[in-house]
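Fit chain B to the supplied structure of chain A, relying on the hints for placement.
If you read the protein sequences in the order shown, they are chains A and B.
The first sequence maps to residues 17 to 499 in the numbering used here.
The second sequence maps to residues 631 to 950 in the numbering used here.
Keep in mind that the hints are not guaranteed to be accurate.
Said to hold, decoys possible - Straight-line C-alpha distance at most 27 Å; calculated DSS-like pairs for lysine-lysine:
#1 B/681 - B/855
#2 A/348 - B/855
#3 A/348 - A/41
#4 A/61 - A/388
#5 A/348 - B/935
#6 B/709 - B/855
#7 A/159 - A/107
#8 A/41 - A/61
#9 A/446 - A/430
#10 B/935 - B/681
#11 B/681 - A/348
#12 A/388 - B/681
Said to hold, decoys possible - Derived coverage of chain B by chain A (criterion: at least 3 residues anywhere in the stretch with Cβ under 8 Å from a Cβ of chain A; other residues may be distant):
#13 680–688
#14 798–806
Derived from the structure by calculation, the hints contain no laboratory data.
Small disclaimer: the values here were computed from a predicted structure and weren't measured.
Just so it is clear, CB atoms sit at the ideal spot from N, CA and C, and this is done for glycine as well.
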Amino acid sequence: MDTFDNANPFQYAPAPESRDIARLKPSYGIYLNGEFRNGRGEAVKTINPATEEPLAEVAEADAADVDDAVSAARAAYQGTWSRTTPAERSKYLFRIARAIQERGRELAVLETLDNGKPISESRDVDIPTAAAHFFYYAGWADKLGYAGFGPEPRAIGVAGQIIPWNFPLLMAAWKIAPALATGNTVVLKPAETTPLTAITLAEIIAECDLPAGVVNILPGGPSVGQALVDHPGVDKIAFTGSTAVGKQIQKSVAVSGKRLSLELGGKAANIVFDDAPIDQAVEGIVNGIFFNQGHVCCAGSRLLVQESVHEEVIAALQERLQTLRMGDPLDKNTDIGAINSAAQLARVRALADSGDAEGAIRWSPECHLPDKGFWFPPTIFTGVSQANRIAREEIFGPVLSVLTFRTPAEAVEKANNTPYGLSAGIWTEKGSRILWMANRLRAGVIWANTFNRFDPTSPFGGYQESGFGREGGRHGLEAYLAQ
Amino acid sequence: MTITSVASGTSGLSDVTSDDASLRRFLHGLPGVDQVGAEGRAAALATRSIKTTAKAWAIDAAIGMVDLTTLEGSDTPGKVRSLCAKAVRPDPSDPSTPSVAAVCVYPDLVATAVQALQGSKVQIASVATAFPSGRASLQTKLADVRDAVLAGASEIDMVIDRGAFLAGRYLRVFDEITAVKQACGAAHLKVILETGELVTLDSVRRASWLALLAGGDFIKTSTGKISPAATPPVALIMLQAVRDFAARTGEVRGVKLAGGIRTTKEAVRYLVMVNEVAGPRWLSPHSFRFGASTLLNDLLQQRHKLTTGAYDGADYVSID
Chain A
17 MDTFDNANPF
27 QYAPAPESRD
37 IARLKPSYGI
47 YLNGEFRNGR
57 GEAVKTINPA
67 TEEPLAEVAE
77 ADAADVDDAV
87 SAARAAYQGT
97 WSRTTPAERS
107 KYLFRIARAI
117 QERGRELAVL
127 ETLDNGKPIS
137 ESRDVDIPTA
147 AAHFFYYAGW
157 ADKLGYAGFG
167 PEPRAIGVAG
177 QIIPWNFPLL
187 MAAWKIAPAL
197 ATGNTVVLKP
207 AETTPLTAIT
217 LAEIIAECDL
227 PAGVVNILPG
237 GPSVGQALVD
247 HPGVDKIAFT
257 GSTAVGKQIQ
267 KSVAVSGKRL
277 SLELGGKAAN
287 IVFDDAPIDQ
297 AVEGIVNGIF
307 FNQGHVCCAG
317 SRLLVQESVH
327 EEVIAALQER
337 LQTLRMGDPL
347 DKNTDIGAIN
357 SAAQLARVRA
367 LADSGDAEGA
377 IRWSPECHLP
387 DKGFWFPPTI
397 FTGVSQANRI
407 AREEIFGPVL
417 SVLTFRTPAE
427 AVEKANNTPY
437 GLSAGIWTEK
447 GSRILWMANR
457 LRAGVIWANT
467 FNRFDPTSPF
477 GGYQESGFGR
487 EGGRHGLEAY
497 LAQ
Chain B
631 MTITSVASGT
641 SGLSDVTSDD
651 ASLRRFLHGL
661 PGVDQVGAEG
671 RAAALATRSI
681 KTTAKAWAID
691 AAIGMVDLTT
701 LEGSDTPGKV
711 RSLCAKAVRP
721 DPSDPSTPSV
731 AAVCVYPDLV
741 ATAVQALQGS
751 KVQIASVATA
761 FPSGRASLQT
771 KLADVRDAVL
781 AGASEIDMVI
791 DRGAFLAGRY
801 LRVFDEITAV
811 KQACGAAHLK
821 VILETGELVT
831 LDSVRRASWL
841 ALLAGGDFIK
851 TSTGKISPAA
861 TPPVALIMLQ
871 AVRDFAARTG
881 EVRGVKLAGG
891 IRTTKEAVRY
901 LVMVNEVAGP
911 RWLSPHSFRF
921 GASTLLNDLL
931 QQRHKLTTGA
941 YDGADYVSID
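The shape of chain A in the complex, shown without the other chains (with noise of 0.2 Å):
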């Protein structure tokens, strides 16, 4: 990749972030009724996936732990929260969001630190949007009554809800957001390898004085996510991570009453036309693709070219990919982070030499991995068949599968054939044939001339195996309003 071509004379130094600026402590415990303490569970280390070096050490709950947090956080929406007027819970939502644009700088480096991407895009994505969540959300509070879900909607309870480690900060923000807004109190489970900004939220969500026991943060593994979805006194479940994970959980919530949001894998197909602007095309498709990783559950990994174009689309890219800059995520001018843990290095790997071994063509910039971490160059992949692994399950990784087709009927009917449905991508200067794809393209979010874009007043959410349930916009307040 471009750091290591000798030749150009403009190298650019490094340009680090001070990792004090996270202001890591030793160790991390739970929040819990408005305390701090270790949970009763293992303590484990969480480690930074670049350097494989440990970070802190956090004492991870039990399920003796998620008793308490229902009970508090029952007693809260009981006692205090349910109470509280609905121009009050604004106030907190403006605070907390304050607090966390206030904090950015240390959230942004923190969350690099635990997760693995760039700190551009912590600081530019993550931290920015999780703000806006709360500030959106903390706009309803107050006119629930205008939001469409009749004159007077009523919270649902205590949500039980569990994040995914893709994107740590704004998924916490994602869920407590409408679910503080709409009334609810909350008992949230980070993921076990990205804790520490869960908790560092639950910082700020102290300092801003929100009556104890209205969010609780447990950290902890699959036991504890278990013990809460099983837990009788939970009146609302929303998960986001893997499909697989997502199935178990609706397996344990059957007829328990529970109401449930799920918002799993996906396997996107970016579909680029040969009107396409190509080169906003070929930017769309790294960062649909290469944002992150790979690791979002609406990445753009099936590319859908129009055959008539693929050669010069994939010049393009493969071009644009020895731009592509890999390495200290710390560092501000790095595009491609670290995996975020050996576990999803090696599944990476996995289902990337099965492309090797389904006939598939693999490419990936020249370029220089580190020595330690989890690391895994972009790849794409061409010659890929609509049969191929690698074109079904989601790799949740840097690596892209191409395809072609020749007309928009094919492109839809091999967009739509995947078990999944979370997002497309369709490229065209056409306007009309962006409505037409539009309308017949099976996935929650339908992005044109762009991909992977969010924002809060704008709702997300799956079909099929993706999940069901909206998060974000007016349609984010029902997963958490009483029918």
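Chain B alone, transformed into the frame defined by chain A:
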């Protein structure tokens, strides 16, 4: 974008300018530009953080790419001589400071510049073709060019007929550029598109290709007399045009950004764009220029800051 399917033959580009219809077909067959996407890409490139050694290199490179310009009705031989002295030795207190690429003046002052720049490597650029509006007959424009070349200009900055371009008379614009190119002789030709008047990025892409097809050695954003002048999205599209033209023909043509670039920060951002969009081959005064006057002083102040660790005020650099 790599255009491989537009025409046949090695480059196949001679066919596309054979008549008005072919030229229109070619220009309108270029991939469209999505404005939002182009602006997003330009903004993303501006977030690169260029520090220490990279910054030092970029500042010196930028100084060496400046076309130090004065284009005022009030220009005098004295003003031009002083500009030329500065062009050769931008910072008399530090001889390691590189000279700029060229000075850029009106045709009647070329002779003065030639005299003042004797013995230096600084080029002499002159605007011509009824700059800045271009509203004159072809004969007048060509006479303007010949005048400047005869007086010793080694580079000619012409303006295109934006009226003809916007009216869709592409071949007329093409023919005018080729005629000017011929009149230039050995002098390099920079073709000013005046992108502020073309407005859309699709038009910028078409005008860029038109100028490259007609033999322009450089495509240049603006006269500096119209706002907006050089902007990051426009620069992006023009850099893509020279990149794609080189991929198609093997010829490296240049880009000159002019108007509104006043700070080192902006200049460094544009160098990042050149590096990542066109490629490192373009990081040279032979293929990239800044048309500027005030920019140079900011570059010199930043250079000082980098070598001494302290800012010294505007009084420590010369006014032009």
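(request) List, from low to high, the hint numbers that the structure doesn't satisfy. (result) 1, 2 and 14
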